[in-house]
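One letter stands for each residue in the lines below.
There are 2 protein chains.
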Amino acid sequence: MKHVAIVGATGAVGQEMIRVLEQRKFPVSTLTLLASKRSLGKSMTFQGKQVPVQELTHDSFAGVNVALFSAGATTTKQFAPSAVKAGAIVVDNSSAFRMDPGTPLVIPEINPEDLKSHKGIIANPNCCAIILLMAVYPIHKINPIKRIIVSTYQSASGAGAKAMEELRLQAADVLAGKAPVPSVFQFPIAFNVFSHNAAMDPETGYNGEELKVIEESHKILHNDIPISPTCIRVSTMRAHAESVHLELTNPVDLDAIRRAIENSPGVRLQDDRKTNHFPMPLEASGQDDVIVGRLRRDIASKDGREMDLFCCGDQLLKGAALNAVQIAEIV
Amino acid sequence: MKHVAIVGATGAVGQEMIRVLEQRKFPVSTLTLLASKRSLGKSMTFQGKQVPVQELTHDSFAGVNVALFSAGATTTKQFAPSAVKAGAIVVDNSSAFRMDPGTPLVIPEINPEDLKSHKGIIANPNCCAIILLMAVYPIHKINPIKRIIVSTYQSASGAGAKAMEELRLQAADVLAGKAPVPSVFQFPIAFNVFSHNAAMDPETGYNGEELKVIEESHKILHNDIPISPTCIRVSTMRAHAESVHLELTNPVDLDAIRRAIENSPGVRLQDDRKTNHFPMPLEASGQDDVIVGRLRRDIASKDGREMDLFCCGDQLLKGAALNAVQIAEIV
Chain L
12 MKHVAIVGAT
22 GAVGQEMIRV
32 LEQRKFPVST
42 LTLLASKRSL
52 GKSMTFQGKQ
62 VPVQELTHDS
72 FAGVNVALFS
82 AGATTTKQFA
92 PSAVKAGAIV
102 VDNSSAFRMD
112 PGTPLVIPEI
122 NPEDLKSHKG
132 IIANPNCCAI
142 ILLMAVYPIH
152 KINPIKRIIV
162 STYQSASGAG
172 AKAMEELRLQ
182 AADVLAGKAP
192 VPSVFQFPIA
202 FNVFSHNAAM
212 DPETGYNGEE
222 LKVIEESHKI
232 LHNDIPISPT
242 CIRVSTMRAH
252 AESVHLELTN
262 PVDLDAIRRA
272 IENSPGVRLQ
282 DDRKTNHFPM
292 PLEASGQDDV
302 IVGRLRRDIA
312 SKDGREMDLF
322 CCGDQLLKGA
332 ALNAVQIAEI
342 V
Chain Z
12 MKHVAIVGAT
22 GAVGQEMIRV
32 LEQRKFPVST
42 LTLLASKRSL
52 GKSMTFQGKQ
62 VPVQELTHDS
72 FAGVNVALFS
82 AGATTTKQFA
92 PSAVKAGAIV
102 VDNSSAFRMD
112 PGTPLVIPEI
122 NPEDLKSHKG
132 IIANPNCCAI
142 ILLMAVYPIH
152 KINPIKRIIV
162 STYQSASGAG
172 AKAMEELRLQ
182 AADVLAGKAP
192 VPSVFQFPIA
202 FNVFSHNAAM
212 DPETGYNGEE
222 LKVIEESHKI
232 LHNDIPISPT
242 CIRVSTMRAH
252 AESVHLELTN
262 PVDLDAIRRA
272 IENSPGVRLQ
282 DDRKTNHFPM
292 PLEASGQDDV
302 IVGRLRRDIA
312 SKDGREMDLF
322 CCGDQLLKGA
332 ALNAVQIAEI
342 V
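The listed protein sequences correspond, in order, to chains L and Z. The opening position of the first sequence corresponds to residue 12 in the working numbering, with each subsequent residue numbered one higher. The opening position of the second sequence corresponds to residue 12 in the working numbering, with each subsequent residue numbered one higher.
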């Protein structure tokens, strides 16, 4: 049994972490919920009991075995070393240590062996990278990927619980004939689509989300295949979708690829051409599996080595909380 | 002055056609509004006057000079020959004659010379193809495109006025905690994303919308460059967005491409990396121009000939009604 702490327990991902620990019957002896001072007085339900939220301090980690961080990179940088010093293993959902060469960045279905080298902190990858790699890794294993071009359809949840509420409020305003009022996002999210809100590198014109997808995918796959992402927010609540174009090493064998996906853990094939039923955010919401479909050979490909697919995954679950708890289960 | 008829006058595109004729001061002597029997009794405002909707019959076109059709391929196939026989020039927004070798398929900014060969019917291209080609043609002119990979973010309007209303009703239901009820679309459109509802070719796994983008682009550009489209519906009202990856003939010169877009009719550059302000459906709605931005060299490209961009266009205007009226202006 383990003493588990959740840092950022009141956030969208923190709340899912509590539920995932329950559902997966993680052997929790004590659950400590930590958040900023603002959340003092709140409590969250875990295994039928109310657990009060405590203020995060450097002394919060005495006796903690596993600390799940989901409170942004600044909080991680400030408090994760204290957790490690107190003897906890940190699984961090922020970008703080993801590209640190000494920190493993892990999707348990893909590179669990990287966990061995951890020095107290393990980084949970970016949600878009997780969903992309979960979808394409079964293909990569049987026919190595040489090139990825991906356009995303990212949900409000990626920007937190307040962004999800903003989508609801703006949608209600628009339906009532009022102008949507942006607050979390710079632009209206209801009934709109916009380039991802992550900070942009003015030199390359890539935003931070796109650079994460590239760099983190390389670190997880231990390669440097060319990846061209375009990250876009859409008017959905909590599941990301991605339209993926792949160039493979050998000609595309769709039957073999379908079998590979069906036989891989953490992914589910939804690829019904007759009923036009393919992965959708609404059906991926609340699901552990990343859903993969619209598998097709690229009819424009001259040598038959290109293909396309569409995938969806719950941004808060496999894109964040679930993957973090899976890491904690292994370590 | 011309006698103009609009077939499908009460539909989403038909209504925009009336407005576009007004705004562009098309020299209309008489406006005849035609629709199915169900719309009898309705009337529409044109130049401040109420024009009654008449039932479409084979005898509707006496004296008509220009007939703008937007009532689906079946109606066009049935009634366009009667309009031509009566001496009208037909501009048809359906897919009925688009790929007919004897029918010009025209975007006035791109291939106006194809209009010369018309035999009474001119086809208005698919909305996605128009918006894609408007965005990339300025680039194609200075550095010929060798390859297009495009993922779309298509609005409800592409499925008509009822689909737009369905998006509103479903969004209200979801906000009220009720389950969305699909009717026009097979799947919920509110707060969701799904593979385009066009019929799918079970053999290739491409849907009809994707095949239109490929075939119509080839006909308009008079080439057969490889195009790989993935067509997706999103929760927006009336402007399509597209994420476009291009391989060019020569290395990408972004400054030259920006200038080319700025100097091209019918497109507007919105490409501000500092403020993260790029094309968005909400800002493209009601606008004639296709908005183009997020121009960037693909940093994964080995020889510097690949680039990405994002574009948005009003599906009902440049994607349909405006392009049709522009064709009518020329002929």
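Simulated from the structure, these hints should not be mistaken for lab results. Please note: incorrect hints may appear among the correct ones.
Identical copies go unnamed one by one, so any copy, or any two together, can satisfy a pair.
[Stated by the list, open to error] Under the rule of at most 20 Å between Cα atoms (straight-line distance), these lysine to aspartate or glutamate pairs were calculated in the DMTMM-like manner: (1) Lys189 to Glu294; (2) Lys285 to Glu214; (3) Lys96 to Asp111; (4) Lys96 to Glu66; (5) Lys313 to Glu258; (6) Lys157 to Glu258; (7) Lys157 to Asp314; (8) Lys60 to Asp314.
Fair warning: this is a prediction, and the values are worked out from it, not measured in the lab.
Hints, one by one, checked against the model:
1. Taking CA atoms no more than 20 Å apart as the test, lysine 189 paired with glutamate 294 passes between copies only; the shortest distance there is 16 Å, against 30 Å inside one copy.
2. When the C-alpha separation of lysine 285 and glutamate 214 is checked against a cutoff of 20 Å, the pair qualifies only between copies, where the shortest distance is 10 Å, while the shortest distance within a copy is 46 Å.
3. Within a single copy, lysine 96 and aspartate 111 get their C-alpha atoms as close as 18 Å, which meets the 20 Å cut-off; across copies the closest is 73 Å, which misses it.
4. Proximity of lysine 96 and glutamate 66 under a CA criterion of 20 Å is satisfied intra-copy only: 19 Å inside one chain copy versus 81 Å between copies.
5. Proximity of lysine 313 to glutamate 258 under the C-alpha cut-off of 20 Å is found in both arrangements, the shortest distances being 11 Å within a copy and 15 Å between copies.
6. When the C-alpha separation of lysine 157 and glutamate 258 is checked against a cutoff of 20 Å, the pair qualifies both within a copy, at 5 Å, and between copies, at 16 Å.
7. In the homo-oligomer, the alpha carbons of lysine 157 and aspartate 314 lie at most 20 Å apart both inside one protomer (14 Å) and across protomers (16 Å), since each shortest distance falls under that limit.
8. Within a single copy, lysine 60 and aspartate 314 get their C-alpha atoms no closer than 60 Å, and across copies no closer than 60 Å, so neither meets the 20 Å cut-off.
Taken one by one, the earlier hints fail for this structure only at number 8.
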